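Undergrad: Once you have looked at the hints, place chain B on chain A.
Sequence order for the protein chains is A and B.
Using my numbering, read the first sequence as starting at 1 and increasing by one per residue.
Using my numbering, read the second sequence as starting at 1 and increasing by one per residue.
None of these hints come from the bench; they were simulated from the model.
Since we're looking at a predicted model, the values are computed, not measured.
Possibly wrong hints are sitting among the right ones.
[Unchecked claim] Label pairs and their computed distance ranges (CB to CB):
#, chain 1, residue 1, chain 2, residue 2, range
1, A, M1, B, L164, 41 to 51 Å
2, B, R14, A, V46, 36 to 46 Å
3, A, I2, B, L172, 15 to 25 Å
4, A, R28, B, R14, 40 to 50 Å
5, A, F125, B, V106, 29 to 39 Å
6, A, P103, B, R167, 26 to 36 Å
7, B, K15, A, P161, 15 to 25 Å
8, B, L21, A, L4, 48 to 58 Å
9, B, L172, A, I140, 36 to 46 Å
10, A, E106, B, G50, 17 to 27 Å
11, A, V71, B, V148, 41 to 51 Å
12, A, R28, B, V148, 40 to 50 Å
13, B, K150, A, R28, 42 to 52 Å
[Stated by the list, open to error] With a Cα cut of at most 20 Å, we get these calculated DMTMM-like pairs of lysine to aspartate or glutamate:
#, chain 1, residue 1, chain 2, residue 2
14, B, K141, B, E44
15, B, K115, A, E41
16, A, K100, B, E55
17, A, K162, B, E44
18, B, K115, A, D44
19, B, K25, A, D44
20, B, K150, B, E55
Each residue gets a CB set at the ideal place from its N, CA and C atoms; glycine is no exception.
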Amino acid sequence: MIFLELFLAYVRVGFSSFGGQSMIPLVRAEMVAHGWLTPAELADIVAIAEMTPGSFGINCATFVGLRTAGVAGAIIASVGAMFPSLTLTMVAAYFLAAFKDNPLVERGMYGIRAVCFGMIVSVVFSLAPDSYFLGGAISIPAVLIGLVALLLTVWRQMSIPKVIGICAVLGLLIG
Amino acid sequence: MSASPAPRAACSARKLATMFLVLLKIGALTFGGGWSVIAQMEQEFVKKRGYLSQEKLLDIITVGRSLPGIMIINIGVLFGHHVGGVLGGVLAAFAIAIPSIVTLCVVALFYGSVKDNAHVQRMLVGVRASVVPIVIGAALKLREGALVDKTAIVIAAVGFALCLSGRINNLLLVLAAGVAGLIIQGRRATR
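This is chain A alone, in the form it adopts within the complex (with noise of 0.2 Å):
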């Protein structure tokens, strides 16, 4: 049944990924096994999981859901993808907030959150390279707008979706 068969594979995708595009080769192998998408149209999602909002897990899911079998489709393998994080990742939670005043735990988050700190500039130096090299040259209009983008989230302290309506904006007039 196509259902199942959806849901399943996007259970083991999810499962076995590790947040963003690296679950691209995962979907491939999936998709090319049960004959749901052609190359061309994993490339095509691709595109769309960066015009629209949202993870590329939820949009991969979506996509190809709607692709093989309708709406009902879509959501059953976007539920699929998010079936670790409404089991495995729940119980974590559970866990998290049973020992949250342990003295242990505490020491140990020391740690974390110092990585996780880490985790995140280093998120600014990987995304870069695809916001501003456009074509494999450095694109001025996208530099501007991220120096405008700077100072209305540091500087001025904007709502966030004004940021990215303004940004948008900014891209039509000058992008």
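TA: Below, chain B without anything else, positioned relative to chain A:
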């Protein structure tokens, strides 16, 4: 879970509804692989509503990123569970996912005409350019909770270098950081 369950339940129902609606909005503006979610959660739930502390948000980000699955949904579940238990976790996960499922279904319908549209492409250049500054803004705000002393700065620098090199699994990195914290803080406590 403790005293006076009735008023608490009423309060948490309203809190869950607010959480659901705000996360729907956040989910609709998730660009840059979900990292803008973190910045938005800092603005909406740490600063504006006080649903969680900076430290708790950092904990949630790290745990959410190191477990398998989709990072922003993991973070949603952890945050939702913090606000309202298992029900909160499920609601948060769906609130973040629903906008992207709906948008994608619509975009997929018109993909042919959207794909090569120059206006759409230019807008996306702008949206993508906004993600890095937004993440920088979030990092600056979360700095206080993470970099509490010089040792923490060293741990953060090592974590940064390892993440950037891409040679370490996130789960391993987080476990190593946890062990480092246990040892460092343990020695300080016994001193």
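Undergrad: Measure nothing beyond the straight line between the CA atoms of B/K150 and B/E55; if it is 20 Å or shorter, mark the hint as holding.
TA: Roughly 17 Å separates the two Cα atoms, so the pair holds.
Undergrad: Would the pair B/K25 and A/D44 pass a check requiring their Cα atoms to be no farther apart than 20 Å?
TA: Violated: B/K25 and A/D44 sit about 26 Å apart, past 20 Å.
Undergrad: CA of B/K115 to CA of A/E41, is that 20 Å or under?
TA: Status holds; Cα separation ~12 Å.
Undergrad: Should the hint that A/F125 and B/V106 are 29 to 39 Å apart at their CB atoms be regarded as holding?
TA: Given range 29 to 39 Å: holds, Cβ gap about 33 Å.
Undergrad: Regarding A/M1 and B/L164, is the given constraint of 41 to 51 Å on their beta-carbon distance met?
TA: Given range 41 to 51 Å: holds, Cβ gap about 44 Å.
Undergrad: Between B/L21 and A/L4, does the C-beta distance stay in 48 to 58 Å?
TA: 33 Å, violated
Undergrad: Below or equal to 20 Å on CA atoms is what counts here, so check A/K100 against B/E55.
TA: 12 Å, holds
Undergrad: Tell me if the beta carbons of A/V71 and B/V148 are separated by a distance inside 41 to 51 Å.
TA: 48 Å, holds
Undergrad: Should the hint that A/I2 and B/L172 are 15 to 25 Å apart at their CB atoms be regarded as holding?
TA: 37 Å, violated
Undergrad: A/K162 and B/E44 were given as a pair; does the straight-line alpha-carbon distance stay at or below 20 Å?
TA: Holds, at roughly 13 Å.
Undergrad: Assuming the hint says 36 to 46 Å, is it satisfied by the Cβ distance from B/R14 to A/V46 or not?
TA: 40 Å, holds
Undergrad: Go ahead and decide if the range 17 to 27 Å is satisfied by the Cβ distance of A/E106 to B/G50.
TA: Hint holds: Cβ distance 20 Å, inside 17 to 27 Å.
Checked against the numbered hints above, the structure breaks hints 3, 8, 19 and satisfies the rest.
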